[in-house]
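> Here is how the chains run, residue by residue.
Protein chains: 2
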Amino acid sequence: MGFIDIKNQPPFKFSVAQLHDYQTEFGELMVQINVAYETYGTLNAQGTNAILLCHALTGDAHASDDANGTGWWEPLVGPHRTIDTTRYYVICMNVLGGCSGTTGPASIKPYSDQVYGQTYPVITIRDMVHVQYRVLQQLGVKQLHAVIGGSMGGMQALEWSIMYPDIVEHAVIIAANAEFSAMGLAYNEVMRQAITSDPEYADGNYANLGKFPENGMRIARMVGMITYRTAKLFDERFGRSFSDQHLFDPEVGRYLRYQGDKFLARFDPQSYLTLLRAMDLHDIGTERGGISEAFKKIRAELLWIGIRDDLLYPPEKIRETVAKAQANGVIASFAEIDSDYGHDAFLLEFEQLEALISPFINQLYLGEQAL
Amino acid sequence: MGFIDIKNQPPFKFSVAQLHDYQTEFGELMVQINVAYETYGTLNAQGTNAILLCHALTGDAHASDDANGTGWWEPLVGPHRTIDTTRYYVICMNVLGGCSGTTGPASIKPYSDQVYGQTYPVITIRDMVHVQYRVLQQLGVKQLHAVIGGSMGGMQALEWSIMYPDIVEHAVIIAANAEFSAMGLAYNEVMRQAITSDPEYADGNYANLGKFPENGMRIARMVGMITYRTAKLFDERFGRSFSDQHLFDPEVGRYLRYQGDKFLARFDPQSYLTLLRAMDLHDIGTERGGISEAFKKIRAELLWIGIRDDLLYPPEKIRETVAKAQANGVIASFAEIDSDYGHDAFLLEFEQLEALISPFINQLYLGEQAL
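Keeping their order, the protein sequence lines are chains A and B. For the first sequence, counting from 1, position 70 maps to 70 in the UniProt record's numbering; every step adds exactly one. For the second sequence, counting from 1, position 6 maps to 6 in the UniProt record's numbering; every step adds exactly one.
It should be emphasised that the hints constitute simulated quantities derived from the structure, not laboratory data. Among the hints, erroneous ones may be present.
Given that identical chains are not distinguished, each listed pair holds provided it fits within a single copy or across any two copies.
To be verified - Think about it this way: if two alpha-carbon atoms lie no more than 30 Å apart in a straight line, the pair counts; the simulated DSS-like pairs of lysine-lysine are:
{"hint": "1", "residue 1": "K232", "residue 2": "K296"}
{"hint": "2", "residue 1": "K317", "residue 2": "K232"}
{"hint": "3", "residue 1": "K297", "residue 2": "K232"}
{"hint": "4", "residue 1": "K211", "residue 2": "K317"}
{"hint": "5", "residue 1": "K317", "residue 2": "K109"}
{"hint": "6", "residue 1": "K109", "residue 2": "K296"}
Okay, chain A solo, but in the shape it has when bound (with noise of 0.2 Å):
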């Protein structure tokens, strides 16, 4: 059985790996998933050298540069760079209920002509993680020395670390917390009603009726966008300026609008439901008897990155969170990336990132190799 899925290509290569009768945490049965991901270096025989990067809500497989031309952390990934491809095997998979190659809502649902659409099942950051772990046993892996991650990523480390404690080893949590926050619910709601009552939407059937909420679409980008940066940068690029050609349009709106047109030709809407509602759903407390506890999982050494300014995941709340990590047994360090981006810094303080992650990932297995 092999689905063909033509509706949800990402512009590049990447390889598939087909998984067969998985349960969601919701006890949804998919019968099918193809996951799309790249591989940079080579896995060693023991399988140990393996590391992987985990990507946030509009990213995909594609994290570092090769044929298919530069991806979302190129400058932290590649031959011998922090996250170096000469020692390490990295792996990088577009999450379940993407929509760039992997099974998502804007895929063929088996046994039907149509997309998932709103039929979708609800997939939580745990279902993501589920599903990375079977493909990483495909692929021969055996322990994880590093699983990092950014905002959505992040979540993913952090689960990665409480849902299979003996395979990772180092998790790198950036800009990213324990469970979602009420502000965070509260934008995502707002991005949701821009989404689902934007008449083309159709009830979730906009795909197989060959129509797009674009106009929902682009409101949604531009909520983000405000969420990702901080007050202190839109004043410094864009100020108070308007737009000559229209007296009274604000380049900072003009900027807010090109991201959200630009938003729209790479991302589906069922999809950015799907991952929102997996973030809403973020919390390792759940089913675990509280954040406490899930801690107690952990074996794997953590660091927490926090940003300042980030409007969605203040970094005073992280520490706060690192603490009570700490104090249920967990060898967690914290760390503050200062940057005017906010949020966004994940992707774009390339050399704060390195100074932090390059350390705590590479002291140890230079360690190793010095026995």
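Take the given structure of chain A and dock chain B to it, following the hints.
Then chain B, alone, in the frame of chain A:
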């Protein structure tokens, strides 16, 4: 000449002043403007005991309690309250461009049988102030003991002190700054997109077509509500509660939708857009050679009040502005309200507001009484 404005009636009684032939800052002639206002207390013979209250974006002329029920600043305005109506003659007017009695986009356009809609002129904060000035002239007011406002009302209070320096004795500017910020412009753009991209907006002609952009207005209000509150408040009030009936529906989302739905009944979309644009254009330095030059016109004593964690008007930015005002010869003081409400504290933290405003507006007046 007296146009009857059947479409633009708030649910309380108010007085109406009529102005003729007002030319807006951008040069459009309005042949008639109705201004809805309420007054409390009695004007003295010299016309010098007046206090003008300026309302915020979605406010109205109904500031205090009377036969109409509770107003938006009722705990502060009344007999023997902070703004003591046994001493002061208090006036509050619905702003030009509003939708609660004053001529706005939902009003019938003169010499037509249709509402203004998208043909309503671009309005500035300064237009609002000029119109208020002309109404005060009709009422016999010679001096303003104080002009007081929060948010968009604070912009008006500040412009009053610059535009009519010989009339204003005290100005209280709460949760507002000398110019609207890039982040404010960004949020306004999202709200504008939400409304104008709703097909029911019909390019601004919805009212004449019997339509109403409910979805856009709901989303705009949801965005607004997020910016008026704080992460801490949402954390404490809603946390990560999800509705039992709808497993994946966060309570904070339900709350925002509820606020959005409530808003539909009481605000006109084109009026909202008109006032957003007025806020966008707020910059006391425009056409005055910059902010410092604008400050040099002020003769009133200023009290600026910032609110901790105000996302739109951070108190540290207001403090910088107050220093600039002082450097340009303005007698200005700054105080900060400590509140988890964020921006909306100017409508909620009455005890703190009283403690700051009462000495500022009452000490001099009481001093005069004692002479």
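> Looking back at the numbered hints, which does the structure fail to meet, lowest number first?
As far as the earlier hints go, 4, 5 and 6 are violated by this structure, in ascending order.
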